[in-house]
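Spelled out from the first residue to the last, the chains are:
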Amino acid sequence: MTLPYFGNKKVLDFEFDRIKQGEWLKKSGINTPQEYKNIKDAEFPVIIKSFGASGGKGYSLVNNKNDLDIKIKLFKNRKFVIQKYIIGVPLYIHYFYSPLTKKLEILSMDRRYETNVDALGRIPFNIEPSYVVVGNSPLVLRESMLPEAYEMGEKVVKKSQELIDEQGLIGPFCLETIITPDQKFYVIEISARIVAGTNLFIEGSPYADLLYNEPMSTGRRIAREIKNAIKENKLDQILD
Amino acid sequence: MTLPYFGNKKVLDFEFDRIKQGEWLKKSGINTPQEYKNIKDAEFPVIIKSFGASGGKGYSLVNNKNDLDIKIKLFKNRKFVIQKYIIGVPLYIHYFYSPLTKKLEILSMDRRYETNVDALGRIPFNIEPSYVVVGNSPLVLRESMLPEAYEMGEKVVKKSQELIDEQGLIGPFCLETIITPDQKFYVIEISARIVAGTNLFIEGSPYADLLYNEPMSTGRRIAREIKNAIKENKLDQILD
Amino acid sequence: MTLPYFGNKKVLDFEFDRIKQGEWLKKSGINTPQEYKNIKDAEFPVIIKSFGASGGKGYSLVNNKNDLDIKIKLFKNRKFVIQKYIIGVPLYIHYFYSPLTKKLEILSMDRRYETNVDALGRIPFNIEPSYVVVGNSPLVLRESMLPEAYEMGEKVVKKSQELIDEQGLIGPFCLETIITPDQKFYVIEISARIVAGTNLFIEGSPYADLLYNEPMSTGRRIAREIKNAIKENKLDQILD
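Residue numbers (this note's numbering), protein chains in the order written: chain D, 1 to 240; chain U, 1 to 240; chain Z, 1 to 240.
Source of the hints: derived by calculation from the structure; they are not laboratory data.
This structure is a prediction, so every number in the text was calculated from the model and none was measured.
Hints may be right or wrong, so weigh each one.
Taking lysine-lysine and the BS3-like style, the derived pairs with C-alpha atoms no more than 27 Å apart in a straight line are [to be verified]:
| # | chain 1 | residue 1 | chain 2 | residue 2 |
| --- | --- | --- | --- | --- |
| 1 | Z | Lys184 | U | Lys57 |
| 2 | Z | Lys84 | U | Lys57 |
| 3 | D | Lys71 | U | Lys184 |
| 4 | D | Lys57 | U | Lys27 |
| 5 | Z | Lys184 | Z | Lys9 |
| 6 | Z | Lys184 | U | Lys71 |
| 7 | Z | Lys184 | Z | Lys103 |
| 8 | Z | Lys103 | Z | Lys155 |
| 9 | D | Lys184 | Z | Lys57 |
| 10 | D | Lys57 | U | Lys184 |
| 11 | D | Lys84 | Z | Lys57 |
| 12 | D | Lys10 | D | Lys155 |
| 13 | U | Lys103 | U | Lys20 |
| 14 | U | Lys73 | U | Lys40 |
| 15 | U | Lys158 | U | Lys27 |
| 16 | U | Lys27 | U | Lys79 |
| 17 | Z | Lys155 | Z | Lys102 |
| 18 | Z | Lys71 | D | Lys184 |
| 19 | D | Lys84 | D | Lys73 |
Next up, chain D with everything else stripped away, as it sits in the complex:
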C-alpha cells in the first residue's frame, strides 16, 4: 500500500504473532496467564487456543488430563498454545495513545457477548462451551481499579517503544483482561487497533464524556489526531 496509514504497521506484526505478542505483554510487566510448553505441567483448568483463531473461534476449555488428551488431538495439525484458564470476569479496555500529546486516554470499555459461553449460565445442564464473539455490551470499571487499568496501558505503550521501534504503539488499542476475585487483572490479549467494542460508543462513553465536551467516538478521536497533526505539521509522527 502506498497510501499513508494511521498507526505503526510494525506493531501489527507483533500483534499477529502469538509468540511475539506474548513476549511484548510479559516484558511490559503486566500480569498474563501462565502458558504451558509441556502439557505435563498444565494446572487445570486450561484453555487451548489455536494460532490465527479469530473472534473466539478455535478455543477449547479443558478441565482435566483425560479431557486434554482427547481434545489436543483435534488441534494436531494446527499450531496452538495452552494457557491457564483464569477464573474471573472479562473486561475489554479501549485505549488511545496520542504521539502528539504523549498522553494515554481510556476512551471506553466493554465486555464481549460470546456464543454459546454466555448462554451456559442460562441452562441447567452441561454443554460444551464455545467462545464465538457475536456482540458487545457496555460496562464501567470499579473506580479504585482505574489507576491500574491506566498503568497497564502505559506499560504496553512504553515497552512497544523499546521492543518494536521508536514510534511504538500509537492510536487505538485494546487490552483484553480477566479480573479475579482478588481484584487482579490478567491480560489475555492485546488488539493493536480499533476494536468492535467501540461500536457501542458512537456518541461517546462515560470515559470519553469526562475527557471531551462533545461526543467522542474512537473513529472521531483518530480523525481529531490527524487534524491536529496537520495543524502542527507533525503528520510523520502518526502515519506509516
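Assemble chains U and Z onto chain D, guided by the hints.
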C-alpha cells in the same frame, strides 16, 4: 376504535396467533427453531410455550423424555407448542420500516433480563429455570453479522405484504433471535410493534446515531414518520 | 468537619450499622430477605455476610447444613448476619430525593459486575462463588414494575423522616434489589449516597432523559439542588 391508528392492525392478528406467526416467519425464508407436533419426535432439549404466554411467563425447559412426561401434564388445559431449544445467546433487534421511503432501518438492539434464568449462572447448584422478563440491557452486534440481521428484517416485511395485505408490516417491529456458535440466527418470535427494549434508547442508540444527526428514539421515529406523511399528504400509507 | 455537607450525616449511621439498616428497611414496609438469628432456623440456600463487608467481599453462599457448619467457622471472629439467599436477578435503582421539591426521582439503574460470580455461568464445572464488585452495566426495568420501584423509594424516604430525624434521607441513594420470577422485589441493602453504578450515566440515562432536557448525571443533579437551594435561600434544608 374510530381513532386513526399508526400501523396495520391486520398484522397484529398474525402476531397474536402462534400458528399464523409461525407460518409468516417460516415462509419468510428465515431460520426458525423446529416445532414438534408429536412429542415422540422431540429432540432434547426442548422448550414448551403456552399460547398467550407473555413476558416469558409460562415457558418450561425440558431436557429429557421423563421430564417432558411430567411437565406436559402441567400444560394439559392450555394450548401449547413444543420447540427445539436452541443453545446460543439471545439478541433482540429493533427495526423500523417506513412505507414513505420504502426503507428498513435498524434502530437498536437489546437483550432481555429474565428471572430467574439470568441468575442460574450465578448459583453453583441447579434450580428450575423461569423466563419472566424484568428488564433489558444494551448490546451491539458483530459487524460481519449486520447484513444478515438487516436481510431478516427485509424478508419478514416483504412476506407480510404477500401474506397479510398490500400494506403489510409497517413502523417498528422486533425480531427475537438466538445466535448459535456457527453464527447462525434463529428467529424465535416477532413483535409487530414497539418493544420494551427500546426504552434503553430514549436518546438514541449506536445504530440510530449512525442514521440520524439527532437523538432518535423509536417513539420519535414514529412521530417523524407521521409528520413526514402529513407533509407529503400520504397519511393513508401509515394509518389504519 | 466544619465544611458544610450535602445530605444528612445521621443517615450514614443508619446505613453503616447492619442492625439499624435492617430495622429501617423492614419498618419501611418493603420486602427484605429473612434473617436467621439461630442457624438452626436457616432455610437453604443462605448467604453469610460479615459486618463491614464492602464491595461484596466477605460474602459466602451456603446451600446445606454441612456446608454451613464448615463455613461459619471462617467467620467466627467477625460479626456476621445470615440471610435467606433470594434466587432471582439483581437490580440496583438509583434515586434522588429533593427536599426542595419534596419529590423523588429515579435517575438510573444498573446491575453490578461481580467476580467471580458473574463468571460461574461461563464455566461448565463448579467453583466456589465470590461477590467482589468490579464494575457496573446498564439496564432498564420492565415498565409495569416501575410504580413499585418508585414506591419502594418513597417508603424508605418517609420512614427515614420518622426513624432518623425530621430531615431524613435526602439527595442520592440506591436500593439494591433482587427480582424473583413472581416479579417481586427483595431489597437487600440501601446505600444512602451516590453509588458507583451512576458512573455509567455521566451524560444521562434513559430515566434522567425523561425528566430533564439536558444530560443529567447524579453529580450534576446534586449541583443543581445546591444551586436551587441558594436561589431559594434554603441551604439549611440540604446541608448538614
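- Query: Looking at the structure, which of the earlier hints fail to hold?
  - Reply: 4 and 5
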